[in-house]
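Whole structure, please, built from the sequences with the hints as guidance.
There are 4 protein chains.
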Amino acid sequence: MMNGSQSESVSAEAFLAMGRSVLASQPFSALIGAELHALSPGSVDLQLPLTAQLKQQDGFAHGGIVSYMADNALTFAGGTALRVPVVTSEFKINYVRPALGERLVARAKAVHTGSSQAVCTCEVFMVNGGVEKLRALAQGTIATLPDASRKPV
Amino acid sequence: MMNGSQSESVSAEAFLAMGRSVLASQPFSALIGAELHALSPGSVDLQLPLTAQLKQQDGFAHGGIVSYMADNALTFAGGTALRVPVVTSEFKINYVRPALGERLVARAKAVHTGSSQAVCTCEVFMVNGGVEKLRALAQGTIATLPDASRKPV
Amino acid sequence: MMNGSQSESVSAEAFLAMGRSVLASQPFSALIGAELHALSPGSVDLQLPLTAQLKQQDGFAHGGIVSYMADNALTFAGGTALRVPVVTSEFKINYVRPALGERLVARAKAVHTGSSQAVCTCEVFMVNGGVEKLRALAQGTIATLPDASRKPV
Amino acid sequence: MMNGSQSESVSAEAFLAMGRSVLASQPFSALIGAELHALSPGSVDLQLPLTAQLKQQDGFAHGGIVSYMADNALTFAGGTALRVPVVTSEFKINYVRPALGERLVARAKAVHTGSSQAVCTCEVFMVNGGVEKLRALAQGTIATLPDASRKPV
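Protein chains in written order, with the numbering used here: chain A, 330 to 482; chain G, 330 to 482; chain R, 330 to 482; chain D, 330 to 482.
Check before you lean on any hint, since a few could be wrong.
Unchecked claim - On the chain A side, residues computed to face chain G include the following (Cβ under 10 Å):
no., residue
1, Leu383
2, Gln386
3, Gly392
4, Glu419
To be verified - With a straight-line cut-off of 25 Å between C-alpha atoms, the simulated SDA-like cross-links for lysine to any residue are:
no., chain 1, residue 1, chain 2, residue 2
5, D, Lys384, R, Gln355
6, A, Lys384, G, Thr380
7, G, Lys384, A, Arg426
8, G, Lys384, A, Leu383
9, G, Lys462, D, Ser444
10, D, Lys462, G, Thr442
11, R, Lys438, A, Ala346
12, A, Lys438, G, Pro427
13, R, Lys384, D, Pro475
14, G, Lys462, A, Pro414
15, D, Lys384, R, Lys462
16, G, Lys462, D, Ala359
17, D, Lys384, R, Val413
18, R, Lys384, D, Lys384
19, D, Lys384, R, Leu352
20, R, Lys462, A, Ser369
21, D, Lys384, R, Pro356
22, A, Lys384, G, Val413
23, D, Lys438, G, His366
24, D, Lys438, G, Leu463
25, D, Lys438, R, Gln385
26, R, Lys384, D, Gln385
27, A, Lys384, G, Arg426
28, D, Lys384, R, Val460
29, A, Lys384, G, His366
30, A, Lys384, G, Arg436
31, D, Lys384, D, Gly458
32, D, Lys438, G, Glu452
33, G, Lys384, A, Thr380
34, D, Lys384, R, Met347
35, A, Lys438, G, Arg426
36, G, Lys384, A, Val413
Unchecked claim - According to the in silico footprint, chain R covers these stretches of chain D (three or more CB under 8 Å from chain R):
no., region
37, 381–391
38, 404–415
39, 422–436
These are calculated hints, taken from the structure and not from any lab test.
Using N, Cα and C, we set each Cβ at its ideal position, and we do this for glycine too.
Encoded structure:
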């Protein structure tokens, strides 16, 4: 997902800008309008304004949108922790409650970073009138690419 | 997700048509162009033609698209097995390999159906030139709504 | 797992004593020597001294022992959060690193408690010479028993 | 878990005998009495007679015993598929129903084997009077050891 060749001396602003350019290069993320609000090594704040197209008829966000947010936030957290090209190996998500609102916020972090993978956790919140409610909880593995010929996901 | 009030005497064609109307009522599924190819109680074949918008720059499908397919197929399998309004409680997905292709196919089935939940499994394949390759494997829980006031996801 | 009929007025000591009697009533937990070090509604500290029988030949704790610790800690956290008889519905565990040591410590908490289930997380640490290292990370669902006739696990 | 240096020419009997010696070398597996009934590359049948010590007061097998069976069967399936020393990276388990019986049977297989990991699935059955009932469903990742200095779990 992320080339990761940035050096330690990159400023916080440059690091976030780098992440935003990665996100912008994902056509699906651009299609639905995901926004990177914060990014540092092993930590990310990914947000998504909920337009009508992203909701179900009853006004709730589609579960697939919530899982996209978890998947992508976990990958950013793991990719910036490992600092090499990565793939999302697997993740698990619990939808703790349905919730109405205007924005999804996914905050993920790398809990353990080893030589070949990072184990990351993510909380997804629904924001309604400025108030955040936990919408889902996820946990997953981000792995380094075994070799340069294998493409990132 | 699904109202489930269908009787046992519904024809296979009517059952599939009912499922397609559920899928069409999901704005996000309509946005990306998901298609229901087969549906019977506890079993589903959900497909997605991969347009440029759904791919990464390198031509691979975004992981979030693959997880949407698993999430939605698991929910259709569990909802038609339980035959009452349901929510997706949780799922886990392993991305077994990246793959290029023109279509994703998610086949899910209910492996165990109890009084309050169904445990379902799902295989997601990438179709390239008519050949299917396993892209991801998922397993999850679809739960009946505890009460009528709680809205489906 | 837990009858949960305790009232809010139970003292912290009585609550822990109640939990210890639940643990003592599990023959497998008694066999391997699990110990309850802290228990409050939605929160638990479960520990296990590592005898030779619980280790592999190379001195590491068997993965099955680590998953038992996560399973049981998640169930105590969810059961004391829900305060009714519960079953463990599902969980997921990531083994973040192998580790040598003399004791496993599993700390679990209920992150979200609804009417019919609690979503809980758990960290399992290996203690070596008094120093804790993260060994595994787990997340799972503890569900209320659908009816009184169904037995807890 | 498994050294994996066996050649393709090993007989089925020798392969099973090799697996039984691996199982016998796990003190915890010996303590509870696990038995290897079948083993071939990427496929395993692991069984456990349920003595009183492995049951709860109500006669059900402890969830931690069921998760041990899934964990170990997944690892045997992945280890024999990859044929190099492995660690269990992560798994997820759904307990589909409680069940009384005299024996647990865990059957696992490698669904996808790559260069650095195998994704495996496992069904755990309770046997009661010779009749098998599905008790749990699991899915997980078995990874090759990144380097020889890292010890298997």
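So, going through the hints one by one against the coordinates:
About 6 Å separates the beta-carbon of leucine 383(A) from the nearest beta-carbon of chain G, less than 10 Å, and the hint is met. At a threshold of 10 Å, the smallest CB-CB gap from glutamine 386(A) to chain G is about 5 Å, leaving the interface hint in force. Because the smallest distance between the Cβ of glycine 392(A) and any Cβ of chain G comes to about 5 Å, under 10 Å, the interface hint for this residue holds. The beta carbon of glutamate 419(A) comes within 4 Å of a beta carbon in chain G, closer than 10 Å, and the hint placing it at the interface holds.
For a cut-off of 25 Å, the pair hint linking lysine 384(D) to glutamine 355(R) stands: about 7 Å separates their Cα positions. Restraint check: the Cα-Cα separation between lysine 384(A) and threonine 380(G) comes to about 21 Å, which is no more than 25 Å; the hinted pair holds. The hinted pair formed by lysine 384(G) and arginine 426(A) fails the criterion: a straight-line CA distance of about 30 Å is larger than 25 Å. A distance of roughly 18 Å separates the Cα atoms of lysine 384(G) and leucine 383(A); the hinted pair therefore holds under the 25 Å criterion.
The suggested pairing of lysine 462(G) with serine 444(D) holds, with an alpha-carbon distance near 16 Å, which does not exceed 25 Å. For the hint linking lysine 462(D) to threonine 442(G), the alpha-carbon distance of about 13 Å falls within 25 Å, and the restraint holds. This hinted pair does not check out: lysine 438(R) and alanine 346(A) have alpha carbons roughly 36 Å apart, beyond 25 Å. Taking the CA atoms of lysine 438(A) and proline 427(G), the gap is near 24 Å; set against the 25 Å cutoff, the hint holds.
Proximity of lysine 384(R) to proline 475(D) is assessed by CA-CA distance (about 22 Å); at most 25 Å being required, the pair is judged to hold. Restraint check for lysine 462(G) and proline 414(A): satisfied, since their Cα atoms lie roughly 23 Å apart, inside the 25 Å limit. Our distance criterion of 25 Å between C-alpha atoms is broken by lysine 384(D) and lysine 462(R), whose separation comes to about 31 Å. Taking the CA atoms of lysine 462(G) and alanine 359(D), the gap is about 40 Å. The hint is violated against a cut of 25 Å.
As the CA atoms of lysine 384(D) and valine 413(R) are separated by approximately 21 Å, the hinted pair is consistent with the 25 Å bound. Under the criterion of a C-alpha separation no larger than 25 Å, the hint pairing lysine 384(R) with lysine 384(D) is consistent with the structure, at around 21 Å. Of the supplied pair hints, the one linking lysine 384(D) and leucine 352(R) holds, its CA atoms being roughly 13 Å apart against a limit of 25 Å. Between lysine 462(R) and serine 369(A) the alpha-carbon distance is near 24 Å, which keeps this suggested pair within the 25 Å criterion.
For a cut-off of 25 Å, the pair hint linking lysine 384(D) to proline 356(R) stands: about 6 Å separates their Cα positions. Distance restraint check for lysine 384(A) and valine 413(G): the Cα-Cα separation of roughly 21 Å lies within the 25 Å cut-off, and the hinted pair is therefore satisfied. Distance hint between lysine 438(D) and histidine 366(G) is unfulfilled; the C-alpha atoms sit about 29 Å from each other, more than 25 Å. A hinted pair counts as satisfied when its Cα atoms are at most 25 Å apart, and lysine 438(D) with leucine 463(G) qualifies at roughly 15 Å.
A threshold of 25 Å between alpha carbons decides the hint, and for lysine 438(D) with glutamine 385(R) the separation of about 23 Å falls inside it, so the pair holds. Distance check on the hinted pair: lysine 384(R) and glutamine 385(D) sit about 23 Å apart at the alpha-carbon level, within 25 Å; holds. The straight-line distance between the Cα atoms of lysine 384(A) and arginine 426(G) is roughly 30 Å, outside the 25 Å bound, and the hint therefore fails. Distance restraint check for lysine 384(D) and valine 460(R): the Cα-Cα separation of roughly 33 Å exceeds the 25 Å cut-off, and the hinted pair is therefore not satisfied.
Under the criterion of a C-alpha separation no larger than 25 Å, the hint pairing lysine 384(A) with histidine 366(G) is consistent with the structure, at around 23 Å. The straight-line distance between the Cα atoms of lysine 384(A) and arginine 436(G) is roughly 24 Å, inside the 25 Å bound, and the hint therefore holds. For the hint pairing lysine 384(D) with glycine 458(D), the CA-to-CA distance comes to about 17 Å; that is within 25 Å, so the pair holds. The hinted pair formed by lysine 438(D) and glutamate 452(G) meets the criterion: a straight-line CA distance of about 15 Å does not exceed 25 Å.
For a cut-off of 25 Å, the pair hint linking lysine 384(G) to threonine 380(A) stands: about 21 Å separates their Cα positions. A hinted pair counts as satisfied when its Cα atoms are at most 25 Å apart, and lysine 384(D) with methionine 347(R) qualifies at roughly 20 Å. Between the alpha carbons of lysine 438(A) and arginine 426(G) the distance comes to roughly 24 Å, so the proposed pair stays at or under 25 Å and holds. Simply put, lysine 384(G) and valine 413(A) have alpha-carbon atoms about 21 Å apart, close enough for the 25 Å limit, and the pair holds.
With a threshold of 8 Å between beta carbons, the proposed coverage of the region 381–391 of chain D by chain R holds, since 9 of its residues qualify and at least three are required. A stretch counts as covered by a chain when three or more of its residues have a beta carbon under 8 Å from one of that chain; for the region 404–415 of chain D and chain R the count is 1, and the coverage is violated. Counting residues of the region 422–436 of chain D whose beta carbon lies closer than 8 Å to any beta carbon of chain R gives 4, which reaches the threshold of three, so the coverage claim holds.
Against the hints set out earlier in the document, violations occur for numbers 7, 11, 15, 16, 23, 27, 28 and 38.
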